[in-house]
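Visitor: Start from the sequences, fold in the hints, and give me the full structure.
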Amino acid sequence: MKSVGGTFVAKPQTGGSSFLASLKQGDFWALWAPQFAVFLFLLFFYTFGFMKLPSICVIVSAFFLMISGMLFTFRKEARSYLPVAMLLPVAVLAGSVGGLYVYDVYAIYPQFYTNARVYTDVQPSQSSAAVADAGKLVFTDAAYVDTKHSVSYLTERGSVFCIAPVRDPSHGIEIQYWAVGTSCCSMIGDFWCDDAKDTKAKGGIVIFDNEGFFSGSSYDEYGKASRKAEATYQLLSVPHPKYIRWVHDDNLNKVANEFTLKAGLALTAMTLAYAIVSAGLAFALRKPRSPYVSGRL
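Per numbering that gives the first Met the number 0, residue 0 is the first one in the sequence shown, and the count goes up by one each step.
In short, the hints are calculated from the structure, not lab data.
For glycine and all other residues, C-beta sits at the position ideal for the given N, C-alpha and C.
A few of these clues could be false.
Unchecked claim - The list that follows gives simulated cross-link-like pairs (lysine to any residue, SDA-like), each with its CA atoms no further than 25 Å apart: (1) Lys147 with Glu173; (2) Lys261 with Phe44; (3) Lys261 with Thr119; (4) Lys196 with Glu155; (5) Lys253 with Ser169; (6) Lys196 with Ser124; (7) Lys253 with Phe47; (8) Lys227 with Leu153; (9) Lys223 with Ser185; (10) Lys147 with Thr113; (11) Lys199 with Ala255; (12) Lys196 with Val117; (13) Lys199 with Asp189; (14) Lys147 with Pro109; (15) Lys253 with Leu70; (16) Lys253 with Thr113; (17) Lys199 with Asn256; (18) Lys227 with Phe282; (19) Lys253 with Thr119; (20) Lys196 with Ala278; (21) Lys223 with Ser126; (22) Lys253 with Thr181; (23) Lys223 with Ser124.
Said to hold, decoys possible - Between beta-carbon pairs, the in silico distance windows are: (24) Ala128 with Ile187: 27 to 37 Å; (25) Phe213 with Leu260: 27 to 37 Å; (26) Met69 with His247: 29 to 39 Å; (27) Leu52 with Ser185: 39 to 49 Å.
Guide: Quick look at the structure:
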């Protein structure tokens, strides 16, 4: 602060100190907090509500965009309307797309298992169509993973998808169920995915396909692996078999728990990332108070 003609003038702060100072001002929080709340709401609403309420999700996003348009229209009524109108669409887009991504890649699977049925005493020769709505299976004691007839399928991206037929001593003509996994087998003839090597394990977790909005699921890759196994060993599979993770009976929630954890981590990462980015945008868009404070001696 220096005196100019008897007037004290404070020089404005710049950089990080100016941003930290803005955190103590109400106008910054008035701009940042509402749009962040919209982002957070849409992020979780799409993640956990899109399966049952897809149309409502889209309508809610459109509603917030409409509010943004109204604020822009009346921007001359109050100077705070314009920065809110500019930042709100960013929150709507980020929350909607982010939530849809987490839903499609992670959160959809625990919801599948919640809605699907559990079947017990399933025989490997039993038609997979008879348990079409299954999410979890418990096989008979005679069932086992035929690891000697396993193969691996290598994708263009270097991912290894493993598959082996599920059988019993009757050796049915067609393969109804395939045990699967990733990066847990040799090229042919050996398979150690999950609990496949444990003779006491008789549980199967059905692999579901996703919506494919952002990326395909492993379901399609297992289909390619099963066709490779058929060609390699002259096996015969039904057109729509069940691909399963072979586990102990008391571990049938393994896949659901894995994807629940991944969904939680993704939501946390997106929330933190958007909080930082939107704070920077709010700082850039807000109308700061005059940086000069003057007074006479």
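Visitor: Compare the structure with each hint and give your call.
Guide: Here's how the hints hold up against the structure:
1. The hinted pair formed by Lys147 and Glu173 meets the criterion: a straight-line CA distance of about 17 Å does not exceed 25 Å.
2. Taken as a hint, the Lys261 and Phe44 pair is honoured in the structure, with Cα atoms around 17 Å apart against an allowance of 25 Å.
3. For the proposed pair Lys261 and Thr119, the alpha carbon gap of about 29 Å is over 25 Å, so the pair is violated.
4. For the proposed pair Lys196 and Glu155, the alpha carbon gap of about 28 Å is over 25 Å, so the pair is violated.
5. For the proposed pair Lys253 and Ser169, the alpha carbon gap of about 29 Å is over 25 Å, so the pair is violated.
6. Our distance criterion of 25 Å between C-alpha atoms is met by Lys196 and Ser124, whose separation comes to about 20 Å.
7. For the suggested pair Lys253 and Phe47, the alpha carbons sit about 20 Å apart, so the restraint of at most 25 Å is met.
8. Of the pairs offered as hints, the one joining Lys227 and Leu153 holds, with about 11 Å between alpha carbons and a cut-off of 25 Å not exceeded.
9. The suggested pairing of Lys223 with Ser185 holds, with an alpha-carbon distance near 16 Å, which does not exceed 25 Å.
10. A threshold of 25 Å between alpha carbons decides the hint, and for Lys147 with Thr113 the separation of about 33 Å lies outside it, so the pair is violated.
11. For the hint pairing Lys199 with Ala255, the CA-to-CA distance comes to about 22 Å; that is within 25 Å, so the pair holds.
12. Annotation: proposed proximity of Lys196 to Val117 holds, straight-line Cα distance about 23 Å (limit 25 Å).
13. The straight-line distance between the Cα atoms of Lys199 and Asp189 is roughly 18 Å, inside the 25 Å bound, and the hint therefore holds.
14. Only pairs whose Cα atoms come within 25 Å are accepted, and Lys147 paired with Pro109 is rejected, the gap being roughly 32 Å.
15. A distance of roughly 48 Å separates the Cα atoms of Lys253 and Leu70; the hinted pair therefore is violated under the 25 Å criterion.
16. This hinted pair checks out: Lys253 and Thr113 have alpha carbons roughly 13 Å apart, not beyond 25 Å.
17. For the proposed pair Lys199 and Asn256, the alpha carbon gap of about 22 Å is at most 25 Å, so the pair holds.
18. Between Lys227 and Phe282 the CA atoms are separated by roughly 56 Å; this puts the pair beyond 25 Å, and the hint is violated.
19. For the proposed pair Lys253 and Thr119, the alpha carbon gap of about 17 Å is at most 25 Å, so the pair holds.
20. Of the pairs offered as hints, the one joining Lys196 and Ala278 is violated, with about 52 Å between alpha carbons and a cut-off of 25 Å exceeded.
21. Between Lys223 and Ser126 the CA atoms are separated by roughly 21 Å; this keeps the pair inside 25 Å, and the hint holds.
22. Restraint check: the Cα-Cα separation between Lys253 and Thr181 comes to about 15 Å, which is no more than 25 Å; the hinted pair holds.
23. In summary, the hint linking Lys223 to Ser124 is supported, as the alpha carbons are separated by about 22 Å, within the 25 Å threshold.
24. Against the hinted window of 27 to 37 Å, the Cβ-Cβ separation of Ala128 and Ile187 comes to about 29 Å, which satisfies the hint.
25. Checked against the hint of 27 to 37 Å, the pair Phe213 and Leu260 fails, with Cβ atoms roughly 19 Å apart.
26. For Met69 paired with His247, a C-beta distance near 57 Å fails the hint of 29 to 39 Å.
27. Restraint check, Leu52 to Ser185: a C-beta distance of roughly 45 Å satisfies the suggested window 39 to 49 Å.
Checked against the numbered hints above, the structure breaks hints 3, 4, 5, 10, 14, 15, 18, 20, 25, 26 and satisfies the rest.
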